[in-house]
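Listed in order, the protein sequences are those of chains A and B.
Sequential numbering of the first sequence, starting at 1, is according to the working numbering.
Sequential numbering of the second sequence, starting at 1, is according to the working numbering.
Be a bit skeptical, because a hint or two may be false.
Stated by the list, open to error - Once the Cα atoms are required to be at most 20 Å apart in a straight line, the calculated SDA-like pairs of lysine to any residue come out as:
(1) LYS31/B - ALA46/A
(2) LYS31/B - ALA11/B
(3) LYS31/B - GLU141/A
(4) LYS97/A - LEU84/A
(5) LYS97/A - HIS73/A
(6) LYS97/A - SER71/A
For the record, the hints were derived by calculation from the structure and aren't laboratory data.
Just so we're clear, the structure is a prediction, and the values are computed from it rather than from any experiment.
Spelled out from the first residue to the last, the chains are:
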Amino acid sequence: MSLGQGTGLAETRSPSRQRSPLVALSFALAGWVVPGLGHALAGRRARGLLIFVCVAALVVTGYLQRGYVFSSHSQDAFGLLGFLADIGAGAFYLLAKVIEVGGPDIARAAGDYGTRFIATGGVLNVLTAFDAFAVARGERE
Amino acid sequence: MSHFGDMSWFAALVSVVLAVLSRRSALDRFKYAVVAFLAFLFIAIAIGWLMLPFSH
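Bound conformation, chain B alone (with noise of 0.2 Å):
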């Protein structure tokens, strides 16, 4: 597996247990599990843009 699909699959099974746990309703989870997956990659795709100076 690439390391895209590494941190997309580990975004997607933790998003899914947390959303769970911590909303009530199905589709409430559902919008959560969504967010969650996208914050997930956004943050990693953003903090790996920032750290790219400091590669060289």
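This is chain A alone, in the form it adopts within the complex (with noise of 0.2 Å):
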């Protein structure tokens, strides 16, 4: 018995479905945009509402410890490479400006934290988009 099993969240284990290229990019796109939503359209439901919950725990997270968000204005290599983390969390990027009101606060540990945990959700949200392609090809289950 695996766990989930009667809680609802147990995952349907219908075959791996081999769907094209052009599919298996749209499912990834969705995925970036909205964590999660690319396992969720290849049939994976319970593994994109866990990815879901824990991209947006870790982004939301770093904006109410109001941890820096990178702009595309940046004009050093880090400030690209923040920027390119930070928008790796897809529609939550753009929810920085709603969330974070108070803007960012580095001077404390707790906004330099916050920082950490956004650019993470994002880089975790890039792979969980990778996956959902492999998911959406047939080659990974």
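Two independent chains are provided; combine them into the complex using the hints.
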């Protein structure tokens, strides 16, 4: 008996269906914009929900701790890398200004930690988007 | 949240996502997440102790 059975979170173990590269790419893009959506579209709803909750928790925690959100106008390489990591969170990147109304405060340790929470959430979401592509292609279960 | 609380929360969330991505069965994911979470905490605390002599 696997974990999740009888809880409504057990994933449908249908055989992995191989979709076209274009469809798989669209699932990956959907997973990037809304964390977990790519897996949900590929029939792995429980996995998608778990991914959404974790990525959302990471990014929102970062915003609540007033972490620094990098913009696309960063002048140096580190700023560009930070932006690429942050934009990995997809739609959550756009929520930064809504949630973090006071702006960043990295003078405090919490703000500095928040910067890492946001970047990590973005990077993990990009990884999950790649996974959604592989699942949609039937290369992974 | 305390520093330790921040670290634990971070470790828990990252461990779960990595487990989801790297293991296929639910039981394997659970085991991986627990081991990764404990490894995060152990390594962070160990590094903290190693840095202690340099903090004075």
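Going through the numbered hints above, which ones does this structure break? Give me the numbers in ascending order.
No numbers; nothing is violated.
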